[in-house]
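Undergrad: Sequence:
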Amino acid sequence: MKCFSTRGEAPAVDLAQALQAGLAPDGGLYVPESLPRPDRAALSADADLPHTAEAVLAPFFTGGPLAGELGAICRASLDLPLPIEALAPGDDAPARASMLELFHGPTAAFKDFAARFLAECMARLAADEDPGQPDRTILVATSGDTGAAVAAAFHGRPGFRVRILYPDGRVSPLQAHQLGAFGDNVSAYRVAGSFDDCQRMVKAALNDAELREQARLSTANSICIGRLLPQIAYYAQAALELVRDDATELQVIVPTGNLGNALACVLARELGFPIGDIWLATNANRTLPDFFASGEYVGRDGLATLANAMDVGDPSNFERLEWLYRDRDLRDARIHAVSVPDEAIRDRIRHEHATRGLVVCPHTACAMEVLARRPADDERPYLVAATAHPAKFAEVVEPLIGKAIEAPPALADLLARPSHAEPLAPEDDALRTVLRTP
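Note that the working numbering has the sequence shown beginning at 1, numbered continuously upward.
Worth flagging that the hints you see were computed from the coordinates, not collected in a lab.
What follows is a set of in silico ranges between Cβ atoms, one per label pair, in the way DEER data are often shown: (1) 69 with 276: 29 to 39 Å; (2) 355 with 213: 48 to 58 Å; (3) 423 with 134: 22 to 32 Å.
Ideal Cβ positions, reconstructed from N, Cα and C, are used throughout, including at glycine.
Please put together the full structure from these sequences, using the hints given.
TA: Structure (structure tokens):
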């Protein structure tokens, strides 16, 4: 399948080229030329995620160099636990509410699925390249979880080096330790600025044609279509499992910052899966709620919050969302955005532990708060995306629930390693110097 730029001023490219480039030459984001609906009759609710992903994504890869390897890519990258747990009903949840646990991968965050998929794709494409070429540089801006997932996915892979930018002091201590603990072909840089500064620097580097060629730049941020597409699969899987009646739709609440995970849910709906209203649960960064309230998009500096992985003031994937609804009114698309301030996050973490025995991270707490705010008579089936393991935010969660949280084994292993990150000024030239250094 061909991909186009959201800005319409770059030539169409094959999907494989789009996922290697990350950003289109005109500064836009790559989007697929069409959204082919899979044959739902051929999809089984009993299939595992790799099989569902292969069936859903096959039309996007048709005719490209990875078409014949898609099944192997899905099996190698998406064979992760994907529990869908029923939530105990109550005044703050309908009788049919479930939680999609996306945090059982190696770095305990939902981004493990897509990062592993992208790494498998890129490794196979690299195998066909001239072995004499320098390593490809995977450049990533992270507000907390993306960097670690990408580092884990590419760590130790020959032919790749990873450069991670994160806002110094604005990720959790555990996240910061993770980012600097990989070593080898992975380097972390703590930027004296916000996530939006990091994201701007990455985009500037990718838009620098000379630098992009010299450093063989790619990205694994959600601006890369190779990160976006595999996330569609787990929403498709959840919808197939939870909605067996064609007259019923699943309402989905997604914690979101840069809008990539939520956009994947929107795309799953566009592909014909039984998903109804989609709720974007944001923190105090109100760019998306303000847009849906007023119709005017105003990017701004990100605010620091307890749900730090969503501290984004100018979400990149809004450009894709706007493109998707270019012929329709986006505010009539059954997409809603709700802002949850820090105090409500704290209260929700306490409440979930006290009433359901659930321990949730601050991002998932935003989604649970949105669920609790639904109209009392709304008994439609709901799905909450749980995006990170609470142990990653122990300094926030543990004082609120009054007990320690045990880290998953893979996370505990990373915490036991030494960690190091280099300081970096929030300036494009500073990043250019880093990228030109072998």
